[in-house]
Amino acid sequence: MKVRFTFNRYLPLALAVFAACALESCSTYSRVSERRPRFIPFASGGPLANAATYIVTAMRIDRRDPLVALGEYMTAAETALDQLKRSPDDETARNTYNFAVGRIIATIHDAKLDPWTQPLRVPVNSGEFVLTHRPDPRPQWNPALYDFTPADQFDVRGTYVTERTTRDGIGAPIVAVGREVNKEARANFTTPRTYYGVTAIARFEGRRCVLSFEDPLAVETVRVDGQIFPLAADFTVPLAVMLASTNPKKFELTRLLNPAKYAETARISRLQPYDPNKTVVLVIHGLMAPKPDILARESRSRWQIRRCFLKGP
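According to our numbering, the sequence shown is numbered sequentially starting from 10.
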């Protein structure tokens, strides 16, 4: 028996599929743009007013004289932290500290300074600060391996970036991007280049300013100068930067139509270091699949997320 297929019979279905793919191709998973964050000085006296003055002064000169600006930012952070020691619930002091720490990281990045391989001497009115970092025994947590950008410098949007999920607390949320390609990415189930969210903390030991990078997916609090504070975090921007940089959408329709040609591009990538105390959840994402909500607090505290992007039929 012969079966005849007519084009007209399947035309509505073909048009529907074409229209759906066309609409999907017009959307973007993530768009990222950078901007210079604004600091609005507050109307108050006392030490925090001095900290605000240091920040305003530094922002005027950080592009032409980054070392001097860096000293002003560190002085502002130290002043705000002193106020937090006296009043741990002072939100203005915390926000001032966080902003100053973010600008320390931004100035290091923009001026291509290197406090990671050796201490950096920074002039201030009262002498100098020595800027350094807290050593970490984990090789992959060596800050010299990454470029750091404060999360508050990013505007993000897109079909996968509809809400910005953050956690209030102390520290400056930072996007860490690996400087080198991960040669063992496939074997280790990591992305070819590291994109990760950390939180920068500046501690002061006399005239030493010691930076550390905390993992907000691993801990929710941090001890600073004897006080325990909630750890600030931005859970959205690092993923948005990763999606915008890697652009997995670019070849999704091509992979759908010719899966054999792109079979080697399929991968499973973990988005955070393995934690044996958490359950691993594999999120399978296919063409035009709805985006998963993986940023709930329960997910972060109990589960580790792996994403598998399937672009074939």
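Rather than coming from a laboratory, the hints here were simulated on the basis of the structure.
Possibly wrong hints are sitting among the right ones.
[What the hints assert, rightly or not] List time: in silico BS3-like cross-link candidates among lysine-lysine, alpha-carbon distance up to 30 Å:
(1) 192 x 270
(2) 192 x 121
(3) 192 x 94
[Said to hold, decoys possible] DEER-style ranges, computed between Cβ atoms:
(4) 168 x 291: 18 to 28 Å
(5) 72 x 288: 25 to 35 Å
(6) 194 x 54: 49 to 59 Å
(7) 173 x 255: 17 to 27 Å
(8) 267 x 212: 12 to 22 Å
(9) 291 x 271: 13 to 23 Å
(10) 123 x 279: 21 to 31 Å
(11) 291 x 135: 51 to 61 Å
(12) 49 x 230: 23 to 33 Å
(13) 49 x 212: 43 to 53 Å
Nothing here was measured: the structure is a model prediction, and the numbers come from that model.
Glycine included, each C-beta is placed from N, C-alpha and C at the ideal position.
Hint by hint, here is what the structure shows:
1. Among the hinted pairs, residue 192 with residue 270 is consistent with the structure: their alpha-carbon atoms are about 22 Å apart, no more than 30 Å.
2. The hinted pair formed by residue 192 and residue 121 meets the criterion: a straight-line CA distance of about 25 Å does not exceed 30 Å.
3. As the CA atoms of residue 192 and residue 94 are separated by approximately 44 Å, the hinted pair breaks the 30 Å bound.
4. One distance hint, 18 to 28 Å for the beta-carbon pair residue 168 and residue 291, holds here, with the actual separation near 21 Å.
5. Checked against the given bound of 25 to 35 Å, the beta carbons of residue 72 and residue 288, roughly 47 Å apart, lie outside it.
6. Range check, residue 194 to residue 54: Cβ separation about 53 Å, and the 49 to 59 Å hint holds.
7. Restraint check, residue 173 to residue 255: a C-beta distance of roughly 20 Å satisfies the suggested window 17 to 27 Å.
8. Distance hint check: the CB atoms of residue 267 and residue 212 are about 54 Å apart, inconsistent with the given range 12 to 22 Å.
9. Judged by the Cβ atoms, the range 13 to 23 Å given for residue 291 and residue 271 holds: they are separated by roughly 21 Å.
10. Separated by about 29 Å at the C-beta atoms, residue 123 and residue 279 satisfy the suggested range of 21 to 31 Å.
11. Range check, residue 291 to residue 135: about 54 Å between beta-carbon atoms, so the 51 to 61 Å window is met.
12. Range check, residue 49 to residue 230: Cβ separation about 28 Å, and the 23 to 33 Å hint holds.
13. A hinted range of 43 to 53 Å is violated for the C-beta pair residue 49 and residue 212, which are about 26 Å apart.
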